[in-house]
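Please take these sequences and the hints and turn them into a complete structure.
If you want the building blocks of each chain, they are given just below.
2 protein chains.
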Amino acid sequence: MDPEYAEALNQGIRLLSLRHRTRAAQLLAPLGLHAGQEAVLLELDRTGPLIQAQLSEALGCEPPSVTLMTRKLEASGHIRRTPDPADKRATVVALTDSGKALADQIRKLWVTLAEETIRDLPAAMLKQLPGILHTMSTNVDGKSSA
Amino acid sequence: MDPEYAEALNQGIRLLSLRHRTRAAQLLAPLGLHAGQEAVLLELDRTGPLIQAQLSEALGCEPPSVTLMTRKLEASGHIRRTPDPADKRATVVALTDSGKALADQIRKLWVTLAEETIRDLPAAMLKQLPGILHTMSTNVDGKSSA
DNA sequence: CGCATAAGATTATGCGCGTAACTATTACGC
DNA sequence: GCGTAATAGTTACGCGCATAATCTTATGCG
Chain A
2 MDPEYAEALN QGIRLLSLRH RTRAAQLLAP LGLHAGQEAV LLELDRTGPL
52 IQAQLSEALG CEPPSVTLMT RKLEASGHIR RTPDPADKRA TVVALTDSGK
102 ALADQIRKLW VTLAEETIRD LPAAMLKQLP GILHTMSTNV DGKSSA
Chain B
2 MDPEYAEALN QGIRLLSLRH RTRAAQLLAP LGLHAGQEAV LLELDRTGPL
52 IQAQLSEALG CEPPSVTLMT RKLEASGHIR RTPDPADKRA TVVALTDSGK
102 ALADQIRKLW VTLAEETIRD LPAAMLKQLP GILHTMSTNV DGKSSA
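First to last, the sequence lines map onto chains A and B.
Per my numbering, the first sequence starts with residue 2, numbered consecutively.
Per my numbering, the second sequence starts with residue 2, numbered consecutively.
Read the hints as simulated data drawn from the structure, not as lab findings.
It cannot be assumed that every hint is accurate.
Straight-line Cα separation of at most 20 Å, SDA-like style, residue types lysine to any residue; simulated pairs [what the hints assert, rightly or not]: (1) A/Lys-109 / A/Glu-44; (2) A/Lys-128 / B/Lys-128; (3) B/Lys-128 / A/Lys-101; (4) B/Lys-128 / A/Leu-130; (5) A/Lys-101 / B/Thr-83.
If you only want the chain B side, here are some residues facing chain A, beta carbon under 7 Å, derived [stated by the list, open to error]: (6) Asn-11; (7) Ser-18; (8) Leu-110; (9) Leu-134; (10) Met-137.
Beta carbons are placed, not taken as given, at the ideal position from N, Cα and C, and that holds for glycine.
Listed below in structure tokens is the structure:
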């Protein structure tokens, strides 16, 4: 493969990551949220209460990260963490009312963010884009391939 | 816009960011580098010595981040930081021999990473992909639009 | 000139994320 | 049943990245 292409691709992904995350942080700041926390709230709002291991899997980040993020969200009152009666190791995390309300707000912000992101892209591309992203994600995911 | 599409897009970008970065970190670890540092070395190798403000611009991250990253890379001997004689505020940063050698190594790893990333994507998409990424990056960059 | 403003860099602080090491529970094979 | 392995979670530590505040040097304008 052409090294220039590789560099453009990898650097492109890196730049998009930084900018998209920074922009997300700007939009979330008025809600008192930090980038990454929105994913927790959206996931819980979509699937209902989960134990942290399931959250970790759904979010695609490691258990220690989930521990800290859920702690913070619990401290700000958007989440409740209770021991799982059926499995004394597990702690199940659920949205509070304030968390549900935030999830709705986030969904609106995410439409805004998505519209910003895809501005000036051809419509044909928009159809494929989520699939492309997903393919690349799983391609590069060590857990499934290696 | 459809909220489901927005969620798929934003979450897709977030997941790709995490996984791509994690995979990059795995590849860079044997070289003693952390994800993000490779961009510094590649940039310096391509353009020659830069002052930190230029580096910050080129990398798309903020000056304080550059300060810390260059400090670390200087500590590991891959970079030299010298005061700019023409401007006493500025510090110019340049690759050492070890840094140049690393840049070559990184370029190979990045071909590997890019090949992994685009596996199973149609060839027609590959032509457009860097452009797409760049468009989305600039779309979401607060500095140019806002 | 001199002074206000801008530009380069750093420090402090905080968050998300990762890996490694550890504890506590559950499940499984014998 | 019991001991071993797998699983859920946490703690400790480090890095990249951001923002806010500060210090220093350059530069513009009167």
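Problem set entry | Hint check: 7 Å Cβ-Cβ cutoff, B/Ser-18 to chain A | Cβ of B/Ser-18 sits 4 Å from chain A, so the hint holds.
Exercise. How about B/Asn-11: closest beta carbon in chain A under 7 Å, or not?
Worked result: With a minimum Cβ separation of about 5 Å from chain A (threshold 7 Å), the hint on B/Asn-11 holds.
Exercise. Are A/Lys-109 and A/Glu-44 close enough, with their CA atoms no more than 20 Å apart?
Worked result: It holds: about 15 Å lies between the C-alpha atoms, which stays within 20 Å.
Exercise. Given the hinted pair A/Lys-101 and B/Thr-83, is their alpha-carbon gap at most 20 Å?
Worked result: Cα-Cα ~53 Å, so violated.
Exercise. Does the alpha-carbon distance linking B/Lys-128 and A/Leu-130 stay inside the 20 Å limit?
Worked result: holds (14 Å)
For this session: For the hint on B/Met-137, just tell me whether its beta-carbon gets within less than 7 Å of chain A.
Result: Since the shortest Cβ distance to chain A is 5 Å, the answer is holds.
For this session: Mind checking the alpha carbons of B/Lys-128 and A/Lys-101 for me, to see if they're no more than 20 Å apart?
Result: The given pair, whose Cα atoms are some 42 Å apart, is violated under the 20 Å limit.
Exercise. Taken at face value, is the distance from the CA of B/Lys-128 to the CA of A/Lys-128 at most 20 Å?
Worked result: Distance ~17 Å between A/Lys-128 and B/Lys-128 Cα, so the pair holds.
Exercise. If you take the shortest Cβ to Cβ gap from B/Leu-110 to chain A, is it below 7 Å?
Worked result: violated (9 Å)
Exercise. Does B/Leu-134 pass the interface check with chain A, least Cβ-Cβ distance below 7 Å?
Worked result: Holds. Min distance 3 Å.
When the structure is compared with the earlier hints, violations turn up for hints 3, 5 and 8 and for no others.
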